[in-house]
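> Throw the hints in and build the complete structure from the sequences for me.
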Amino acid sequence: MRTDAILPADPRVSRVTGRVHTGSIATGDWLDVCHHAELEPERGACALVRGQQVALFRTHDGTVHALSNYDPFSGAYVLSRGIVGTRGDTPTVASPMYKQVFDLRTGRCLDDPEVTVPAYPVRVRDGRVEVALP
Amino acid sequence: MTAAPSRQDRPLIVAGYGMAAHRLLTALGDRGDTRPVVVFGEEPHPAYDRVHLSGYLEEGDPEQGARRLRLPEIDAPNVTLRLGERVTAVDRTARTVTTSTGDTLGYETLVLATGSAPFVPPLPGHDLPGCFVYRTLDDLDAIRAHAQANPGTGVVIGGGLLGLEAAGALRGLGLDTHVVELAPWLMPRQLDAGGGEALRQHVENLGVTVHAGTATGEIRPGPDGAAAALALADGTTVDTRTVVFSAGIRPRDELARQAGLPVAERGGVLVDTHCRTEDPYVYAIGECAAVEGTVYGLVAPGNAMADVVAARLTGDGTRGPFGGADADTSTRLKLLDVEVAGFGDPQPDGDVLDVTYADPVTGVYKRLILSDDARTLLGGVLVGDGEAYPALRACLGGPLPDAPDKLLFPGGADPGAGLPDEARVCSCNNVTKAGIVAAIDAGTTAMPELKACTRAGATCGSCVPLMKKILDERLTATGRTVSHALCEHFPHSRRELYDIVAVRGITTFSQVIAEHGSGRGCDICKPAVASILAGLRGGHVLDGEAATLQDTNDHFLANLQKNGTYSVVPRVPGGEITPERLIVIGEVARDFGLYTKITGGQRIDMFGARVDQLPAIWRRLVDAGFESGHAYGKALRTVKSCVGSTWCRYGVQDSAGLAVALELRYRGLRSPHKIKAAVSGCARECAEANSKDFGVIATENGWNLLVGGNGGFRPRHAATLAADLTTEELIRYVDRFLMYYIRTADRLQRTATWIEDLDGGLDHLRDVIIGDSLGICADLDAAMERHIGDYTDEWAATLADPDKLRRFVSFVNAPGTPDPSIAFEVEREQIKPVLIGPDLEVVRK
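Same order as they appear, the protein sequences are chains A and B. For the first sequence, position 124 matches number 124 in the working numbering, and the numbering has no gaps at all. Position in the second sequence counted from 1, then plus 1000, gives you the working numbering.
Just so you know, these hints were derived from the structure itself, not from any lab. This one's a predicted model, so the numbers in the text were calculated from it and none came from an experiment. Here a beta-carbon is modelled for each residue, glycine too, at the ideal position from N, C-alpha and C. Treat the hints with care, since some could be wrong.
As the list claims (entries may be wrong) - Derived PhoX-like pairs: lysine-lysine, alpha-carbon spacing no greater than 25 Å straight-line:
hint, chain 1, residue 1, chain 2, residue 2
1, B, Lys1832, B, Lys1597
2, B, Lys1562, B, Lys1468
3, A, Lys99, B, Lys1562
4, B, Lys1674, B, Lys1597
5, B, Lys1674, A, Lys99
6, B, Lys1597, B, Lys1562
7, B, Lys1468, B, Lys1334
8, B, Lys1334, B, Lys1562
9, A, Lys99, B, Lys1832
Unchecked claim - For the chain B half of the interface with chain A, some residues (derived, Cβ under 10 Å), not all of them:
hint, residue
10, Gln1148
11, Thr1507
12, Phe1556
What follows is the structure, encoded as structure tokens:
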């Protein structure tokens, strides 16, 4: 029997992340995530940072971008598994679910300008990837 | 009889439901007409394509045959179809019709579209059992049943267009076929003596015996009272149990005669150029009508008549009366695999110039007839090579766009833009070059749309290459490029990219985009190039850079489902599985809490796996002897089968055994789109091979190979590529079919549209993979051998490589943590996904 088949019933526990809301989280802190080398060039990976799913993307020149992993069109946490590329000069990821394309820098959906997913500040320090969450 | 409603409320009644009536309904609908229409069709079937009647018999199953000939369904609330019911009498005073069921119905307007009946010469024995006509689906059913019960020889009386069609049908039914023609050569109405001789040569090469220039004496019965022999006037006797009359048609004008309407001297309801009879409320169209005394036995004039009536009834002034090009009896068709075309007057009187080319070796015969000043094309004949037909027919009655020799020979000038505006490109639907250009200028840029909006090319299809040429030229001329570009990163089509990668020996996406593209790629070009590289270079899909190109399904070697989980499908070749392996699948699904479902491809899909569970699931499956089923890839999926002759009382070949062999042969083959296949052990077709990219149906003598079928959004029926093949031949042709498809199809193009887009369609395909017309068969064969030799199971290789396994985690910074967003509830004793709203705000401005 798999345990994750049971929904958490406690309203203080996020149904999505399993995170317990116990108080406000400090914003602006740089949070250590992983080694830069753990990110495959021109591909995404998902990190669990303070209970939030953060999609990290490493582009061909080594730049790292961070977006929410949540795909607003499908309601699933999958953006990190999309194909990374470019549209014009814009670095992009295409949702693996229904293929809408998002700007890796801003989270703006290029196929539906009304939709934007959260983009997070991200930096590389001493070979480690760090993000700042709100 | 009930009181007649007021005349304004009465329907338009159409007596007869063949191609002309169908066209009338379509033409009325196109003009937005919503008056009530009642159509009486004598046959139990809706209108069907009588031009391609022999296609019906090429399908083993009558239902499939009928589907192949089906015309677009008329789905308008104002139209009532009454099938299996015929108008038996017309009362012009009361304006009512009486039908075969005894019903009486008032009409506002009556359109006679009763068609024609085959002419059966009153020879002794013409009505013996074993004698047939060739007109309706019921006729064909009767011919098939009789021919199957009486194998041996079959004779067609009449060597015209329809007679040769019928001969093709008899030959297809396995009869030793003879054709008897009274005139000195075949197709005397369309061809001259030279063309007729060339056609005879082709037809005889196919094993059909031609008796031209001789009349039939009598048909003699055998001891059972059925036809047993045919005696010809020249003294020859042919022993035959099957005789098909195709000696011309007679218009069915009996309703007009009964109603006291004038008929033409040689039959046919006499109408004016508006297709109206003497009675202003009665029209006649199609083969039952004699427009100013002339009966036309072809589809195109019938369609023109339907258009004339529709325009008149709706007050549409844009369609004038019947005349001029409407009466064009030009024909191009493929009879018994020979291309035959005649246009204009093949045997004109007076001073004319003749340009003739005859090659007795290849049996190609071409003749152009020009006015004596060489300025006007009067007619012509093409046998064995009809490529020039659409352009030539369009020039009929006008000047040639180029020197005759250039027009007659392949590689000559392409007269697309050179055609005058009024040239008729599609004669079946009367579409001029100007009409096509107008549609292009209104924004149409692709062939399917162009066909849909102009209706050109939608009937016999012979003008499609010319349409394509006009489209390309017009788009280029107006500065709209004909874009075959894959995406913004490559100006090339998939096929062009394939050639580039092949010829340049390119091995990575980085190299191909650096040298031949721009930017960094996208979700369109990356998987497309990955597929090309897989086909040409082999190797694992997750090797090095290739891994980054893959869609998530190929990236995790599983199928993404709506909640971010994946499903797992092990290969079950041919749908054949041992109890032990079934138990393993059950145990794995149970232990990992997966939802299980039997798929349409005869295997088992397990749903609800997280990416981090996939390696453990596959470890268990691989240990039990399973391999990847490639359900996640644009690749061969399954070869479905029935149990075949091993178990089934009706099976004639070992379909399951062949399906297993084919699935193992082509497993792992990456392609422009998914490939599905099936093998049926008899003509009952339980494996549904007709809806597959390639399907195999067992016959007493071997296997029939069908290609180009699919289910899905636009279901397509497969067409027969070759019949009665040995297993060895079958495998060779499938090898080549698949490799040629992989090399030349567009991205995400299934085999059906790929074949449609091939210049020459199925015939071209047959030429390439059976006749080796491009000289590439050895190359295709070698490519398939390489694929088979290089095959390894993707999942076994992944499990053996820690580098490849590293990506199978939900979180890069917390590899052991499962994704908490994935949740399930229980329905019908199994899990089902629950999508939960986001924790994070989505900004919708």
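> So, for every hint listed, does it hold in this structure?
Structure-based check of each hint:
Among the hinted pairs, B:Lys1832 with B:Lys1597 is consistent with the structure: their alpha-carbon atoms are about 12 Å apart, no more than 25 Å. For the suggested pair B:Lys1562 and B:Lys1468, the alpha carbons sit about 40 Å apart, so the restraint of at most 25 Å is broken. Of the supplied pair hints, the one linking A:Lys99 and B:Lys1562 holds, its CA atoms being roughly 13 Å apart against a limit of 25 Å. With a C-alpha separation of about 20 Å, the suggested pair B:Lys1674 and B:Lys1597 falls inside the 25 Å cut-off, and the hint holds.
For the suggested pair B:Lys1674 and A:Lys99, the alpha carbons sit about 19 Å apart, so the restraint of at most 25 Å is met. A hinted pair counts as satisfied when its Cα atoms are at most 25 Å apart, and B:Lys1597 with B:Lys1562 qualifies at roughly 16 Å. Annotation: proposed proximity of B:Lys1468 to B:Lys1334 holds, straight-line Cα distance about 20 Å (limit 25 Å). Distance restraint check for B:Lys1334 and B:Lys1562: the Cα-Cα separation of roughly 49 Å exceeds the 25 Å cut-off, and the hinted pair is therefore not satisfied.
Simply put, A:Lys99 and B:Lys1832 have alpha-carbon atoms about 24 Å apart, close enough for the 25 Å limit, and the pair holds. Interface hint at B:Gln1148: violated, since its Cβ lies 52 Å from the closest Cβ of chain A, which is beyond the 10 Å cut-off. Here the hint on B:Thr1507 is broken, as its CB sits about 17 Å from the closest CB of chain A, past 10 Å. With a least beta-carbon distance of about 8 Å to chain A, the hint placing B:Phe1556 at the interface is held under the 10 Å criterion.
The structure is inconsistent with the numbered hints 2, 8, 10 and 11, although it conforms to all the rest.
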